[in-house]
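Given the sequences, and given the hints that come with them, work out the whole structure.
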Amino acid sequence: MKKVLIALLVFTMGFTLAACPEDEDVEIAMITDYGDIDDESFNQGTWEGIVEYAEEHGIEYGYYRPAEVSDAEYLASIDMAVEEGADIIITPGFLFEQAVWEAQYEYPDVKFVLLDGEPRETEESDPDVADNTVGVYYEEHESGFLAGYGAVREGLTDLGYMGGIAVPAVVDFGIGFIAGAYYAAAKEDAELNFPDDRYTFLGSFDPSDEYESQADGWYGGGTEVIFAAAGGAGTSIMSAAGANDAWMIGVDVDQSAESDTVLTSAMKDLAGSVQLILDEYYDDNFPGGETRHLGADQDGVGLPVEREDDIDPWRFETFTVEQYENIFDQIADGSVVVPDSYADLLDFIDENDLDAIDIEEDTVEP
Amino acid sequence: MIVDIFNEIVSILSYVIPVMVALLIVSLGGLFSERSGVINIALEGIMVMGGFVGAMSMYLMLYIIGLPIQLAVFLAFIVGALVGAGFSFFHAFASVSMQSNQIISATALNLFATALGLFVARTFFGYRRINVDESYRFDVPFLSEIPILGDLLFKNAFLSTYIGIVLLIVVIVILYKTRFGLRLRSCGENPHAADSLGVDVGRMRYAGVMISGLLAGLGGVVFMIAFQNRFESDVRGFGFLALALLISGQWRPQRIFLISILFALMRVVASRGDSIMGLRALEVPTDFFRMLPYILTLVVLAFTSKHSRAPEAIGEPYDTGKR
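So the sequences go chain by chain: A and B. The first sequence begins at 7 in the working numbering and counts up one residue at a time. The second sequence begins at 4 in the working numbering and counts up one residue at a time.
Read the hints as simulated data drawn from the structure, not as lab findings. Possibly wrong hints are sitting among the right ones.
To be verified - Just a few of them, taken from the derived set where beta-carbon distance is under 10 Å, the chain A residues facing chain B:
1) 46
2) 229
3) 238
4) 244
5) 265
To be verified - Rough simulated footprint, nothing fancy, chain A against chain B, three-plus residues with beta-carbon under 8 Å:
6) 134 to 142
7) 273 to 279
Cβ coordinates follow ideal geometry from the N, Cα and C atoms, glycine included.
Structure follows, in structure tokens:
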């Protein structure tokens with residue numbers, strides 16, 4: 007028995023030692039938001055962008071995980087990153103707005119990149135971006151719009167939406183999706199079936215048999231495509247779609263390689279935009295004081311048209327790439343303004359003389 | 004109309020059965036340990052451990068060796084079961100040989116399993132999960148051709164379903180029809196009497212705990228495959244749910260089987276109540292369906308706990324000096 011215990015002890019110690027980084031210095035630091043670097047969503051997209059860039063350029067990098075979601079803990083993590091030598095700190099998530107506001111003045115020599123938000127003193131105050139900070143917004147509603155538009159132009163009329171957790175980005179994907187679907191329905195002269203009980207937030211970003219079963223029920227009841235803006239939970243929807251020969255729409259990144267059921271993906275270019283800013287920083291060209299809105303006009307969102315391997319991410323048969331580029335350009339030049347709140351969505355429906363929607367405000371913005 | 008209803012039943016069953024089987028296997032595991040007199044709240048941790056090593060071996064077999072899916076699944080079941088048995092040895096050693104508090108040593112296993120899984124997955128795979136995302140459902144050859152029954156039981160099925168059913172029968176036979184089963188049960192009821200008749204109580208309890216580890220480890224792999232298609236460093240409290248089933252099933256395999264069907268059915272109704280024919284037309288808020296399993300659990304426990312028939316000597320370390 008003793009020998010077994012000793013063997014175990016040595017075994018675990020081996021792991022512990024192996025896991026210790028040799029050098030504590032970091033140059034590029036990321037502070038994680040609610041979740042972890044492997045949440046298959048926001049944090050992971052950002053982290054992978056950083057890793058790829060840093061590995062390529064031989065720069066030291068690391069991440070810090072705050073003990074809890076609070077400004078004090080966020081600031082403590084930022085302090086620690088600065089102490090360990092971070093020159094540029096990337097913080098994904100609007101929850102960082104106040105923490106970064108404080109930190110940008112406390113550490114004027116350190117650069118901050120705030121994704122999905124801008125520094126603010128309090129929740130209500132106007133954004134205040136210092137010279138050492140960049141704020142980045144993604145126009146998720148435009149991405150969702152393109153996905154909804156494509157699905158309905160393809161001839162699908164029974165739609166469903168499953169969001170992960172109702173954070174602003176996920177809510178926006180859904181609003182855009184509704185707008186795009188109804189906008190396309192008017193063009194196709196189609197009548198949509200997108201009732202209130204086919205629009206839901208699951209409450210998590212992890213896969214589960216419960217979501218698979220729920221999606222299976224929707225598909226069984228006639229739903230033709232479900233837009234899953236739900237990170238890893240999307241794989242459960244893919245399984246259900248596979249069992250029913252139906253479609254689903256992926257999110258954030260091109261998910262076509264994960265399953266044949268992925269009709270398309272509503273993408274936002276997290277990794278690319280982070281790498282762009284890192285590039286600018288190392289070229290002594292840090293866009294401090296700026297706030298970026300990455301939408302169709304900057305190629306920050308979109309649907310996948312092609313990819314590097316031999317998988318064809320374009321699974322539409324009727325909806326053509328040409329039609330896609332056409333609507334994409336209209337969004338990019340502002341001739342179609344995609345709504346990003348329920349109130350704007352209603353206005354959008356009114357202005358464009360579209361069919362009334364069945365989905366209620368509480369459902370979309372819980 | 005009839006065809007629609009039939010299809011609805013088929014698709015609901017295709018979700019109920021895997022959940023039922025996972026719960027059943029782990030509960031039966033708990034049964035062995037508790038009938039021998041050792042409380043085993045480490046089911047959760049053993050499941051994590053089994054699922055973790057099962058997922059690693061699946062990864063190896065599918066993507067590095069390239070075995071066919073169902074064969075890999077079968078081998079992963081065996082690996083998970085063996086790992087579960089090995090891991091539960093620590094619980095047996097602490098609670099039988101060292102006569103320590105059974106809750107504490109089981110809790111230690113629970114904490115350790117999750118942490119180790121997370122740590123190793125992070126070290127080797129970079130993330131807290133091990134992805135083995137494949138479609139594990141299959142149609143059983145020939146049997147799936149049978150009208151009605153084939154659709155209900157042999158199409159779109161998981162391998163675990165049939166293993167679970169066989170296990171249920173085997174467990175009933177072992178517990179009630181063999182000498183080993185009788186001795187095991189007697190150690191949970193009155194170890195002193197058993198001892199006086201020449202039964203080695205310690206050995207029996209070791210056997211009980213390690214068989215329970217075997218089944219819980221297998222259950223961990225079943226969970227990993229049927230529920231998430233990957234190892235996630237946890238099993239969502241399924242081990243504890245199985246424990247609750249064991250208690251509301253009154254430590255009897257047949258009742259555990261019935262209750263696991265009920266639980267699985269409720270779980271599926273909770274997640275898809277908004278789709279089931281007829282129920283959707285009622286326009287009941289979906290939250291109502293989500294509450295159902297929990298309300299039902301309370302009701303079942305309230306009714307069954309009155310006649311609770313726990314093994315007499317459960318939780319007590321066997322001390323020859325005490326009579």
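To see whether the hints hold, each was checked on the structure:
no.	hint	verdict
1	46	9 Å, holds
2	229	9 Å, holds
3	238	8 Å, holds
4	244	9 Å, holds
5	265	8 Å, holds
6	134 to 142	holds (count 3)
7	273 to 279	holds (count 6)
In summary, the structure agrees with every hint in the numbered list given earlier.
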